[in-house]
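> The lines below spell out each chain.
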Amino acid sequence: MISKERLLDAIREAGAKDYAVFAPVAKDAGVMLEEIDDPASINFDHVLTVNTLKDVGLPRVEALAEFDRDARTMEAIRDDDGKVLVFGSRPCDAAAQKILDAILIGEITDSRYAARRERMVMMTLACSTADDACFCSSMGYGPHDPTGSDVLLLPKGTEFIVRSHTPRGEEFLRELGMTPDADVEGDPPPELKRKVETGGLKEKLDKNFDDPIWNSVSENCVSCGACFYMCPTCHCFDVIDESGLSRGRRLRLWDTCSFAGFTKMASHQPRVGRHARYRQRIMHKFKYTVDNVNLVACVGDGRCIRACPYGVDLCEVLEALVGNE
Amino acid sequence: MSRPQEDLVPRIVRVEEVRQETPDTRSLKLAFDDPAVRDNFTFKPGQFGLVSVFGVGEAVFCIASPPIWKGFFEVSVKEVGKLTSAIHDLEPGDTAGFRGPYGNSFPYEENFGRNMVFVGGGIGLAPLRPLIWQTLADRDKFGDVYIVYGSRSVNDIVYRADLEEWGGRDDVKMVTTVDPGGEDETWKGEVGLVPQILEKVNPPSDSVLVTCGPPIMIKFVFMSAKKLGLKPADVVTTLEMKMKCGVGTCGRCNIGSRYVCRDGPVFTLEQMQALPNEF
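Protein chains in written order, with this note's numbering: chain A, 1 to 325; chain B, 1001 to 1279.
Everything labelled a hint here was simulated from the structure, so no lab data went into it.
All C-beta atoms, glycine included, are put in the ideal place defined by N, C-alpha and C.
Hints may be right or wrong, so weigh each one.
[Said to hold, decoys possible] Calculated from the model, a selection of chain A residues having no Cβ within reach of chain B, i.e. all distances over 12 angstroms:
#	residue
1	R12
2	V47
3	D110
4	T147
5	D187
6	A307
[Said to hold, decoys possible] Computed list of lysine-lysine pairs in DSBU-like fashion (alpha-carbon distance at most 35 angstroms, straight line):
#	chain 1	residue 1	chain 2	residue 2
7	B	K1173	B	K1029
8	A	K207	B	K1226
9	B	K1219	A	K202
10	A	K202	B	K1231
11	B	K1227	B	K1029
12	B	K1173	A	K207
13	B	K1173	B	K1141
14	B	K1070	B	K1173
15	A	K207	A	K193
16	A	K204	B	K1044
17	B	K1044	A	K264
18	A	K202	B	K1173
19	B	K1219	B	K1231
20	B	K1173	B	K1219
21	A	K204	A	K17
22	B	K1082	A	K98
23	A	K207	B	K1070
24	B	K1141	A	K264
25	A	K204	B	K1141
26	A	K193	B	K1226
27	B	K1226	A	K202
28	A	K4	A	K17
29	B	K1082	A	K264
30	B	K1226	A	K204
31	A	K204	B	K1227
32	B	K1227	A	K207
33	A	K83	A	K98
34	B	K1242	A	K204
35	A	K195	B	K1070
36	B	K1227	B	K1200
37	B	K1141	B	K1227
38	B	K1231	A	K264
39	A	K4	A	K83
40	A	K207	B	K1242
Please model the complete structure; the sequences and the hints are all you need to start from.
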């Protein structure tokens, strides 16, 4: 068991040992996961951070290279060195990291993402609270689930039980002189009000590509992209140049299948209509990723539900798809 | 290769030659600046890469020359937007970027001994061109070779020198066509849509057919192939989708669970029948 004060000291020590520390801090926009200098600023009582771990492993804007047309050069830019401690993200976000790992590190590897993951230690804070949008347990995870975490901290009163779940976690705890706790039970996990039954969903998606249900479930979607931006597993990106310059950078930016321009070519648009784009989003998460890496690309963090300005509720959509004959 | 391709950073290429194919299409002969890269560059017919104009961006183009032509490679680019017009602005000696090769390739050795039918429409001849040249280099390893090429009009015909050479060979049965209304008084080929002309050519039902063209043409060629009695596993095409990475991570080019960049761009009709109609 470790007290909050001792925990903050340990994070301070990690900072002194050259870890860049990312942790939740309260901001005007809500609690954000950001790189911090002073562990005293860490927020402990949020449900979820507004942003996700993508900001650490797959940043929303990333310079890939610098070009100089006149000098005939294109030099790669890499800023993926250095150790990173991610402290205090929630189990759903840690689980999302596992999903991104399966997609981006494999036969074909995103070398920048992989390099960042290689140097990342995940010290996750298990949940004491949940809100109406949380549904991680329906996706096979839970408020105290260790998936993706190197170290999981389970709340017990005002203190934390320390559990190591990977060799990297063990090594990290040793480095900071902490010991994992065995045989201690933490506080019970919070009850989730929201549950969605997804049994049979994959079988439905295998067959319903042309079903009219895609029109009704996407009716309220305005293709704003808020759901993708907030999603911990959405990882699609665009590559663009800083334009009109003979010297500049090539950038990688987040992008989403919600936008019509995503697949639009000069002479052809294979994915026509909002329903088709919404279908792609659901299919990608609940069928295509299952087909390719045998994982559902949703952890039930509920950010898309909280973020949608028009009340599109993923759980309701999934239920409609499962119930559709 | 000195650098992993997955870092999405192109290598420098120099434009060696520019050839005007049609009023809106140019072929560029490109060579890597770095001699080691140039000498070690290998690919298979059907593979593609991304061409960059620095400050404008990059996009996917098939490699339009066969791997047996060494020291350079070609891409053919139709001017349709910002990047393609920037590519058209390139002149011999200018710098561009290239990364690749990516994707799978056309089936080749497994078709030795078979009759081959190449069906191209417009600039869709570009990905077939390396395969046709490769096949002709190994001509004695194949049965009959048919080439059906169609364009909208006489002015839209690409690779005229190639077509002339192929058509002049007595071991190639070549038919060219233009869409109705696209002919002029000098036109000696067929007039009609590619699928109709293909049916008229009537290649044997045990042939392997390889096609590329506008998506709508591909769909109709599939129907003609079916009418001609070809097996779906022997009908091959190559698809185009918007791509940003080329390696299966940017999430943009999928048709169902398959990524055109990684699992394609070459698919058989049999494989495509298992995919949703979203291409």
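> What's the verdict on K1219/B and K1231/B, does the C-alpha distance respect the 35 angstroms limit or exceed it?
15 angstroms, holds
> CA of K1173/B to CA of K1029/B, is that 35 angstroms or under?
28 angstroms, holds
> Verify the proposed pairing of K1173/B with K1219/B, using a straight-line Cα cut of 35 angstroms.
23 angstroms, holds
> Hey, K83/A versus K98/A, does the alpha-carbon distance stay inside 35 angstroms?
18 angstroms, holds
> Measure nothing beyond the straight line between the CA atoms of K1231/B and K264/A; if it is 35 angstroms or shorter, mark the hint as holding.
32 angstroms, holds
> Does the structure keep K202/A and K1231/B at a Cα separation of 35 angstroms or less?
OK: K202/A and K1231/B at ~31 angstroms, within 35 angstroms.
> Hey, K207/A versus K1070/B, does the alpha-carbon distance stay inside 35 angstroms?
Not satisfied, since the Cα-Cα distance of roughly 47 angstroms exceeds 35 angstroms.
> Given the hint that K1082/B pairs with K98/A, does the C-alpha gap stay at or below 35 angstroms?
Given that 35 angstroms is the threshold and the Cα spacing comes to 38 angstroms, the pair is violated.
> Is D110/A truly not at the interface, in the sense that its beta carbon sits beyond 12 angstroms from all beta carbons of chain B?
Not fine: 5 angstroms to the nearest Cβ puts D110/A too close to chain B.
> Against chain B, does D187/A hold up as non-interface, every C-beta pair farther apart than 12 angstroms?
39 angstroms, holds
> Starting from K1227/B, check that the Cα of K1200/B is at most 35 angstroms away, please.
11 angstroms, holds
> Going straight from one Cα to the other, do K1242/B and K204/A come out at no more than 35 angstroms?
28 angstroms, holds
Hints 3, 11, 12, 16, 18, 21, 22, 23, 24, 25, 26, 35 from the earlier list are contradicted by this structure; the remaining hints agree with it.
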